[in-house]
Amino acid sequence: MKPFDIIIVGGGGAGLYAAMEAMKTNPSLNIAVLSKVYPNRSHTSAAQGGANAALANTAKDDSVELHIFDTIKGSDYLADQDAAEVLCTEAPKIIRELDNMGTPWSRLDDKTIAQRPFGGAGRPRCCYCADKTGHTILQTLYEQCLKKGVVFFNEYLALNLSVKGSRSKGLIAMDIKTGKIEAFTARTVIFATGGYAKMYWNRSSNALGNSGDGQAIAYRAGIPLKDMEFVQFHPTGLRKSGLLVTEGARGEGGYLVNSLGERFMSRYAPEKMELGPRDLVSRSIETEILQGRGFDSPAGKYVHLDLTHLGADLIRQRLPQIREMSMYFEGVDPIEEPIPVRPTAHYSMGGIDTDNQGRTVMEGVYAAGECACVSVHGANRLGGNSLLDILVFGRIAGHTAAEEARSFEPGNITDAELKEHAEEIRSYMQPSGHYERYGALREELGHTLGTNVGIYREASLLRKGIEEIAALRERFKKVRVFDSSDVFNTNLLQVLELRNMLDLSETVAAGAYAREESRGSHTRTDFPTRDDGKWHKHTMATLVDGKLELGEKPVTMGRYELQERTY
Numbered sequence: 001m002k003p004f005d006i007i008i009v010g011g012g013g014a015g016l017y018a019a020m021e022a023m024k025t026n027p028s029l030n031i032a033v034l035s036k037v038y039p040n041r042s043h044t045s046a047a048q049g050g051a052n053a054a055l056a057n058t059a060k061d062d063s064v065e066l067h068i069f070d071t072i073k074g075s076d077y078l079a080d081q082d083a084a085e086v087l088c089t090e091a092p093k094i095i096r097e098l099d100n101m102g103t104p105w106s107r108l109d110d111k112t113i114a115q116r117p118f119g120g121a122g123r124p125r126c127c128y129c130a131d132k133t134g135h136t137i138l139q140t141l142y143e144q145c146l147k148k149g150v151v152f153f154n155e156y157l158a159l160n161l162s163v164k165g166s167r168s169k170g171l172i173a174m175d176i177k178t179g180k181i182e183a184f185t186a187r188t189v190i191f192a193t194g195g196y197a198k199m200y201w202n203r204s205s206n207a208l209g210n211s212g213d214g215q216a217i218a219y220r221a222g223i224p225l226k227d228m229e230f231v232q233f234h235p236t237g238l239r240k241s242g243l244l245v246t247e248g249a250r251g252e253g254g255y256l257v258n259s260l261g262e263r264f265m266s267r268y269a270p271e272k273m274e275l276g277p278r279d280l281v282s283r284s285i286e287t288e289i290l291q292g293r294g295f296d297s298p299a300g301k302y303v304h305l306d307l308t309h310l311g312a313d314l315i316r317q318r319l320p321q322i323r324e325m326s327m328y329f330e331g332v333d334p335i336e337e338p339i340p341v342r343p344t345a346h347y348s349m350g351g352i353d354t355d356n357q358g359r360t361v362m363e364g365v366y367a368a369g370e371c372a373c374v375s376v377h378g379a380n381r382l383g384g385n386s387l388l389d390i391l392v393f394g395r396i397a398g399h400t401a402a403e404e405a406r407s408f409e410p411g412n413i414t415d416a417e418l419k420e421h422a423e424e425i426r427s428y429m430q431p432s433g434h435y436e437r438y439g440a441l442r443e444e445l446g447h448t449l450g451t452n453v454g455i456y457r458e459a460s461l462l463r464k465g466i467e468e469i470a471a472l473r474e475r476f477k478k479v480r481v482f483d484s485s486d487v488f489n490t491n492l493l494q495v496l497e498l499r500n501m502l503d504l505s506e507t508v509a510a511g512a513y514a515r516e517e518s519r520g521s522h523t524r525t526d527f528p529t530r531d532d533g534k535w536h537k538h539t540m541a542t543l544v545d546g547k548l549e550l551g552e553k554p555v556t557m558g559r560y561e562l563q564e565r566t567y
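Residues in the sequence shown are numbered from 1 upward in steps of one, following the numbering used here.
Derived from the structure by calculation, the hints contain no laboratory data.
Hints are supplied without guarantee of correctness; some may be wrong.
Stated by the list, open to error - For lysine-lysine, the following DSS-like pairs were computed, each having C-alpha atoms within a straight-line distance of at most 25 Å:
(1) K464 to K478
(2) K547 to K477
(3) K111 to K24
(4) K180 to K2
(5) K111 to K60
(6) K478 to K534
(7) K24 to K2
(8) K148 to K2
(9) K180 to K419
(10) K464 to K477
(11) K2 to K419
(12) K148 to K93
(13) K111 to K93
(14) K553 to K534
(15) K132 to K147
(16) K164 to K547
Because the structure is a prediction, the values reported are computed rather than measured.
Start from the sequences, fold in the hints, and give me the full structure.
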């Protein structure tokens, strides 16, 4: 296979926008997308609510400046302010570009793009396509990539970067369809592999594939990860499965109600109510449950999300997927009765450390979207800013890589290197006296994270979590893949994904233990206040000689000074 100028790992919104923009920047480049699933099945398709942009279609006094402030305030002042400015300034251009490509945005009566309120936002600026926004954007981008001639390698699992000195030579990946280990020599590599919240397992809204592959590969190659302790719990996951009920349900006017019939958000965010920032609403629900004001069931404790007062027509028109999911997974029709919900691990604020152009510390390696940390979300992401993040920084990373690709010479990935990876994978299939099963390790990882590194954290629980993760990583050395076939070996795929989640879970727990304050999604009951004097900084996690080392990086400030975050 001849060397690629750019190989993009991940076929979601960030990866496809990067590919499209790179082709537009330099059509002569040889560009490929490597995706674990078919691109139109990427997790971007699960994004329901919308993407923020200060179009001022609904609120005529909205502005980019207000969007920047809401983003920085929502981040609990941990976002880099220059990055937040890029995000919000580019937002209107991105939405209009997607509109010109044919994205079917919902419309107001005057035919302009519809915008609805979202949590933590001072104005209704979330642009949406009913409650299937991510799905429609993904289809639009995939069509454009096919039109422009982007090469796709679907159903490939990225395994490792091939590195020489301070730069990448390309990527080593496994063809899931055949089990063959292949080399993808490339001048540049862009990671766009999504988040890592599936490590929380059945307390997560994420798809099975959100196992942090890109972050884990970068981490093992010596590229620093930033702010990994900040994992956002979305307030409203379905009680049994953790599947997401979009914030758009509350944006349309849904109520959160406890077992006493109270709209309890009046206690926690009297002005914003159900549209407070996600970390605050999640903690509020968890507090209601812990203090005995939740509902009980064999599937766990929960509260109600009541949409019945919105009326059948609005629910059918603007929240059709939510109705379908509620009926299918909970046996509840939200037109007739409230939806049972609880907080669910949803989004990774942390990720591969990049600059505002998508570059990492390794020459020729870039990252964008949820797998990256630029950092626009800081300690807490606002609803509607995640789709925006993947689009804005996917586009930027694609443009940067296209402009810089020819300055790097492709390296050579040797047969010996491929053989080493093939032997490592085969070793998981070798019989041994004592072995561990994937399913048991996976369940235990989800349990220890949910119990010890969840919404509420404190030192003794975090120490316990760190010890249990270390024990699981040791036990993983004896994990056994029982399927020894080459073709679509899903057992092997699951084990390799679990390896990535175990590596990353250590950085999440260690970062949470080190950060002795409460900020955004990170709540320490033993350190209940924000400590700007000691902790207004990014946490950096780097793998050095096989061991995790924590460091720090300053937050980039701008026009907004530190202040208390109140809603």
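Out of the numbered hints, which ones does the structure contradict? 3, 6
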